[in-house]
Amino acid sequence: MNELIDNWRASIATASATHVPLRVRGGGSKDFYGEMPDSSHTAINTRGYRGVVEYEPSELYITARCGTPLTEIEATLAECGQMLAFEPPHFSTASDTGATVGGCIAAGLSGPRRVSAGAVRDFVLGARLLDGTGCLRTFGGQVMKNVAGFDVSRMLAGSLGTLGIITEVSLKTLPRPAQELTLCLEMDEAEAIAATNRWMAQALPLSATCWRADVLHVRLSGAPTAIQSARAIIGGEIVADDVVFWRDVREQRHAFFATPGDLWRVSVPALTSPKQLPGNALSEWFGAQRWLRDVADAAALRAHVIALGGHATLFRSADTTRVARFQPLAPALLTLHQRLKTAFDPYGVFNPGRMYPDF
Amino acid sequence: MHYHDPDAERFASVNRDMLIAALRPCVAPTSLLTTEEELRPYECDGLSAYRERPLLVILPENESEVQRVMHVCHELNVPVVARGAGTGLSGGAMPHKHGVLLSLAKMKRILSIDPLARQAVVQPGVRNLAISEAAADYGLYYAPDPSSQIACSIGGNVAENSGGVHCLKYGLTVNNVLRLRVVSIKGELLEIGSAGADAPGFDLLALMIGSEGLLGVVTEVTVRLMPKPKKAQVILASFNDVGKAGDAVASILAAGIIPAGLEMMDKPMTAAVEPFVKAGYDLEAEAILLCESDGTDEEVAEDITAMCAVLEKCGASNMRVSQSEEERLRFWAGRKAAFPAIGRISPDYYCMDGTVPRKRLGEILKAIAEMEKKYGLRCANVFHAGDGNLHPLIMFDANVPGELERTEAFGAEILELSVKLGGSITGEHGVGIEKINAMCSQFDADSLESFHAIKAAFDPRGLLNPGKAVPTLHRCAEFGRMHVHAGELPHPDLPRF
Numbered sequence: 000m001n002e003l004i005d006n007w008r009a010s011i012a013t014a015s016a017t018h019v020p021l022r023v024r025g026g027g028s029k030d031f032y033g034e035m036p037d038s039s040h041t042a043i044n045t046r047g048y049r050g051v052v053e054y055e056p057s058e059l060y061i062t063a064r065c066g067t068p069l070t071e072i073e074a075t076l077a078e079c080g081q082m083l084a085f086e087p088p089h090f091s092t093a094s095d096t097g098a099t100v101g102g103c104i105a106a107g108l109s110g111p112r113r114v115s116a117g118a119v120r121d122f123v124l125g126a127r128l129l130d131g132t133g134c135l136r137t138f139g140g141q142v143m144k145n146v147a148g149f150d151v152s153r154m155l156a157g158s159l160g161t162l163g164i165i166t167e168v169s170l171k172t173l174p175r176p177a178q179e180l181t182l183c184l185e186m187d188e189a190e191a192i193a194a195t196n197r198w199m200a201q202a203l204p205l206s207a208t209c210w211r212a213d214v215l216h217v218r219l220s221g222a223p224t225a226i227q228s229a230r231a232i233i234g235g236e237i238v239a240d241d242v243v244f245w246r247d248v249r250e251q252r253h254a255f256f257a258t259p260g261d262l263w264r265v266s267v268p269a270l271t272s273p274k275q276l277p278g279n280a281l282s283e284w285f286g287a288q289r290w291l292r293d294v295a296d297a298a299a300l301r302a303h304v305i306a307l308g309g310h311a312t313l314f315r316s317a318d319t320t321r322v323a324r325f326q327p328l329a330p331a332l333l334t335l336h337q338r339l340k341t342a343f344d345p346y347g348v349f350n351p352g353r354m355y356p357d358f
Numbered sequence: 000m001h002y003h004d005p006d007a008e009r010f011a012s013v014n015r016d017m018l019i020a021a022l023r024p025c026v027a028p029t030s031l032l033t034t035e036e037e038l039r040p041y042e043c044d045g046l047s048a049y050r051e052r053p054l055l056v057i058l059p060e061n062e063s064e065v066q067r068v069m070h071v072c073h074e075l076n077v078p079v080v081a082r083g084a085g086t087g088l089s090g091g092a093m094p095h096k097h098g099v100l101l102s103l104a105k106m107k108r109i110l111s112i113d114p115l116a117r118q119a120v121v122q123p124g125v126r127n128l129a130i131s132e133a134a135a136d137y138g139l140y141y142a143p144d145p146s147s148q149i150a151c152s153i154g155g156n157v158a159e160n161s162g163g164v165h166c167l168k169y170g171l172t173v174n175n176v177l178r179l180r181v182v183s184i185k186g187e188l189l190e191i192g193s194a195g196a197d198a199p200g201f202d203l204l205a206l207m208i209g210s211e212g213l214l215g216v217v218t219e220v221t222v223r224l225m226p227k228p229k230k231a232q233v234i235l236a237s238f239n240d241v242g243k244a245g246d247a248v249a250s251i252l253a254a255g256i257i258p259a260g261l262e263m264m265d266k267p268m269t270a271a272v273e274p275f276v277k278a279g280y281d282l283e284a285e286a287i288l289l290c291e292s293d294g295t296d297e298e299v300a301e302d303i304t305a306m307c308a309v310l311e312k313c314g315a316s317n318m319r320v321s322q323s324e325e326e327r328l329r330f331w332a333g334r335k336a337a338f339p340a341i342g343r344i345s346p347d348y349y350c351m352d353g354t355v356p357r358k359r360l361g362e363i364l365k366a367i368a369e370m371e372k373k374y375g376l377r378c379a380n381v382f383h384a385g386d387g388n389l390h391p392l393i394m395f396d397a398n399v400p401g402e403l404e405r406t407e408a409f410g411a412e413i414l415e416l417s418v419k420l421g422g423s424i425t426g427e428h429g430v431g432i433e434k435i436n437a438m439c440s441q442f443d444a445d446s447l448e449s450f451h452a453i454k455a456a457f458d459p460r461g462l463l464n465p466g467k468a469v470p471t472l473h474r475c476a477e478f479g480r481m482h483v484h485a486g487e488l489p490h491p492d493l494p495r496f
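So the protein sequences, as listed, match chains U and R.
In this text, residue positions in the first sequence follow numbering that gives the first Met the number 0: the first is 0, and each later residue adds one.
In this text, residue positions in the second sequence follow numbering that gives the first Met the number 0: the first is 0, and each later residue adds one.
Any given hint could turn out to be false.
Stated by the list, open to error - Computed Cβ-Cβ distance ranges for the label pairs, DEER-style:
| id | chain 1 | residue 1 | chain 2 | residue 2 | range |
| --- | --- | --- | --- | --- | --- |
| 1 | U | Thr-224 | R | Ala-104 | 44 to 50 Å |
| 2 | U | Asp-240 | R | Ala-104 | 55 to 61 Å |
| 3 | R | Ser-111 | U | Ala-212 | 32 to 38 Å |
| 4 | R | Ser-111 | U | Arg-197 | 16 to 22 Å |
| 5 | U | Ala-77 | R | Arg-108 | 44 to 50 Å |
| 6 | R | Ser-111 | U | Glu-250 | 33 to 39 Å |
| 7 | U | Thr-341 | R | Ala-270 | 52 to 58 Å |
| 8 | R | Ala-366 | U | Asp-30 | 46 to 52 Å |
| 9 | R | Asp-6 | U | Ala-9 | 33 to 39 Å |
| 10 | U | Gln-201 | R | Asp-240 | 41 to 47 Å |
| 11 | R | Met-318 | U | Thr-96 | 47 to 53 Å |
| 12 | U | Arg-197 | R | His-473 | 54 to 60 Å |
| 13 | U | Glu-250 | R | Ser-316 | 49 to 55 Å |
Stated by the list, open to error - In silico negatives: residues of chain R with every beta carbon more than 10 Å from chain U:
| id | residue |
| --- | --- |
| 14 | Asp-6 |
| 15 | Arg-39 |
| 16 | Asn-61 |
| 17 | Glu-62 |
| 18 | Glu-64 |
| 19 | Lys-105 |
| 20 | Gln-148 |
| 21 | Ala-332 |
| 22 | Pro-346 |
| 23 | Asn-436 |
Calculated from the structure, these hints are not laboratory results.
Bear in mind the structure is a predicted one, so any value in this text is a computation, not a measurement.
Every residue gets a Cβ at the ideal spot worked out from N, C-alpha and C, and that includes glycine.
Construct the entire structure; sequences and hints are all you get.
Pasting the structure below:
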């Protein structure tokens, strides 16, 4: 395993000498996400650096090398009745080799349970980063509470490999809920957003919501008795194939995602009125995550979403050049991002342009 | 004692009169404190053993005043130390002798509460508990509950990434803050995070929270509010062996239960608190556990039954379940009074804040008992056992020559052992000035270098809270405890390429 790290160090040295940057890649399942990887850059494949390093259910964490398949991590946890509570999407298809845990952290994407459990970054306890000088740096650790030093490991969640190669990561794990039940109800989007937020304020055990075409799906998780009393308040019909339903929402295999054209992810304050947003929507997370189709004017959407206090990501698109994938940063923040990039990757060797063209 | 930082002298040329003249137009006349008696209350924070007098204290009333103050300090190359309520236990808000102490105490308004979105927007000087009190009208509360919550400010909580008794289930400050407005050292305004689920770019919120005033000054905080659980109940369990109590903690978590609170106290601690609060603790027990469940009536009933079964299996010698809210609060009263109770039986005490993996709790307790003999000092222990976060309270008398020094050596040894056992030198109190040397044990030179690079990205001139939280490599070398991993010296291959 250490030879791999040494090989990567050599690649980093070559990249900084020749000015041919590196393209860090796990299973390739999220190649579509962010600005397109530049095929002229040297590929670094992390899949060989794999394996669970430590897992103790009673300590509630798992440490794994970056190339470990996400399926392997999930299976390991499931054997002990635990899970990655941020329910990460794999987005794996026939054309890739399957999501890795390193890619999962670098992409920073969370699934349906994010609304109740938290996002990827909430579960990152520690990480090792091979940075742009070839130095392997350790941040955080395995314990839940650790406020020594800056919390770099959480910041790596969603950094898209631009700060270095995340070689190893420690994640907080949680027990699987005793029971889950999904209900579906008919209502329009505005009603669905108001109702789900009201239920949350009443402490009902909601663990996922999805609204599409006047049907709201609500997942309840927890103690069977608590689920029964929540069911009496919410009403609706029980969904039989709920596991498949939430998997399809998480993996974007739901029919909504199958239609052609650009797919936008809009992150806004949850109570934002649907009338404020254009296009055709599927909304999750009590309204905090809206997937939009048929958006005619990207610039108008972005300007509008910023005024609403959110941001818009062009999540999937066949067109690789026309529109920036991520919402542009305010000038002061962009400067800060560039400085942070330089702090970890002074020669600009890791995934340049993958997040923003500026670094 | 006055803390000696040789690096502080790089700011010795700051001209105080010129600084006062430049800052006077920035704030109202009553917001600038310059006389000796006005400055004295600001000499230290909750770590009163370390004191320093700032050149002046300034108390801006709004964000634009903060921006103006920062702009002036940047122009004149003057250090700035931000201060919330001054309750911190690691000296993070100890002033800089050639710098400005920036108090956020006048910015204490709750700007808005949105009950349906379950969010509150507050100024940094708002007290932690005041947020929950204001949200209570809507059946909501702010979850992180550091024991100083009556007094500590949310701005200070952000700086320290404060925890509390319930963070096993509800998370730390970093898991409960959604958005910050931050003024940079140059006086620029940054919006970090969002009122939605996330923000574009790097997760700067994670970097800012717990950054101990080294990266910017927080002027507004948006927090997540939680619905108040309908019910809470606590089990008080006794163990005749500390190791067994530690194993019970691991067994509860392994059984798939995440308690709302999971606290441990050892025998010296229960002996100290019982006469004080009369919580009804079992004084024969070597350790007691407080295991709390909260949620709906049904959830609590299920959890309590399940936890009782685990505790019994783990050899609890006695168990009592609170039968009323009044009884629950009484069981907790002893835990919450731990610090003052020790203050009653000892002239001085020193509170440590190490974290270890839960399975090592028994081990570190035994080691601490040995250290008591070695240093000739008594120590009582309270733990956030569910998080592996221990608070040994070392008892001493500052008037006895040598006792403070022995106490500090005792504390340092506990922290070094915490790191060796796979933990951290601080779970929730921060590094500040107190654990600056201990940082050299936890981090190797490479990681410290990264921290300095991050600091420079935000504050190239190093004006924000200089000398705190992250030691210089030079300091670690002098301290002689540079962490050497697996026998490798730091920088074996410099220059790298």
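Exercise. What hints, given by number in increasing order, does this structure fail?
Worked result: none
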